[in-house]
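Letter by letter, the chains look like this.
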Amino acid sequence: MKLLVVDDSSITRKIIKAVADVLQMEMEEAQDGIEALEILSKKYEEIDLVLLDWNMPQMSGYEVLVEIKSNDKYKKLPVMMVTTEGQRSNIVAAVRAGAANYLTKPFTVEELETKIIECIGKEGEF
Amino acid sequence: MSAFSIDRIGFIFTDALAEVVSITSGFLLDISSLEDDSDFNEMVGFMSLNGKNQGIVFISAEEATMRVICSFMTGISKDEVTRNDIEDALCELVNMTAGNAKLRFNEAEQIYTLSPPFFIRGKDMSITTKKRVSIISRVLKNEEISIKLKVVFY
Chain A
1 MKLLVVDDSS ITRKIIKAVA DVLQMEMEEA QDGIEALEIL SKKYEEIDLV LLDWNMPQMS
61 GYEVLVEIKS NDKYKKLPVM MVTTEGQRSN IVAAVRAGAA NYLTKPFTVE ELETKIIECI
121 GKEGEF
Chain B
1001 MSAFSIDRIG FIFTDALAEV VSITSGFLLD ISSLEDDSDF NEMVGFMSLN GKNQGIVFIS
1061 AEEATMRVIC SFMTGISKDE VTRNDIEDAL CELVNMTAGN AKLRFNEAEQ IYTLSPPFFI
1121 RGKDMSITTK KRVSIISRVL KNEEISIKLK VVFY
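Heads up: the sequence lines are chains A and B, in that order. Heads up, the first sequence is in the working numbering, so the first residue is 1 and it goes up one at a time. Heads up, the second sequence is in the working numbering, so the first residue is 1001 and it goes up one at a time.
If you're looking for bench data, these hints aren't it; they were derived computationally from the structure. Among these hints, one or two may not hold up.
As the list claims (entries may be wrong) - Below, in silico cross-link-like pairs of lysine to any residue (SDA-like), each with a Cα-Cα straight-line distance of 25 angstroms or less:
| # | chain 1 | residue 1 | chain 2 | residue 2 |
| --- | --- | --- | --- | --- |
| 1 | B | K1078 | B | A1064 |
| 2 | B | K1078 | A | T108 |
| 3 | A | K2 | B | E1087 |
| 4 | B | K1078 | A | V22 |
| 5 | A | K17 | B | E1087 |
| 6 | B | K1078 | A | E29 |
| 7 | A | K115 | B | I1023 |
All chains, full assembly: derive it from the sequences and hints.
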């Protein structure tokens, strides 16, 4: 199992890496949407879940989400938004664009673990 | 709906910061007012706030405090925390605090927009202004860490 974590905050990527280690998941990292789409174009078959920040330089997480969901190669890949943008309008927009789940920062490690497992949908494998 | 009072906005940001620190690093902090409302710690994260009130939210801390917070946030030892981690963590604290506060404002139909977070570092930094401003200053601390919060309205 492998996560692709897209966040311009290195500290957030480290927090998520610690959770990925607990869940025995591998992790790819991207610090912006452009880097994330490059990784996906080459390795989409290896990725099981994308964790996506909303506010990033270059492309917003929402734009990356729309891009992912419009690409036939990886539109079925589950995407979870992990962001400080907790307003209802953002959540609705993300779900309408195809996000599988939504987690508002700050989050506890337990909340992140639970949401990842919900997205992958295979709790028994961990 | 009328704008929140400055005291109310100050309370919201203070409570938001305390909650963010508690969730991300597990520290419970005592809150008190700062007598000297102009000075900062050596590292400052800040962002502007625009709505019915205009202001700037500053969160500052010494490197030692941010090193401890980073360590608790990530689970890596204090010695392995890098300078980049520390700066990034302070920006994320500002980002999460402002996002948390924004949600509380929105729930009360007070719409604010926030700039991206910025970071500056230096010694003996303080606020000076050529306009009359209101400053709310709080210190959030326990035995291990101390963080200053300032919300300046103009």
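Checking against the hints above, which ones are violated?
-> 3
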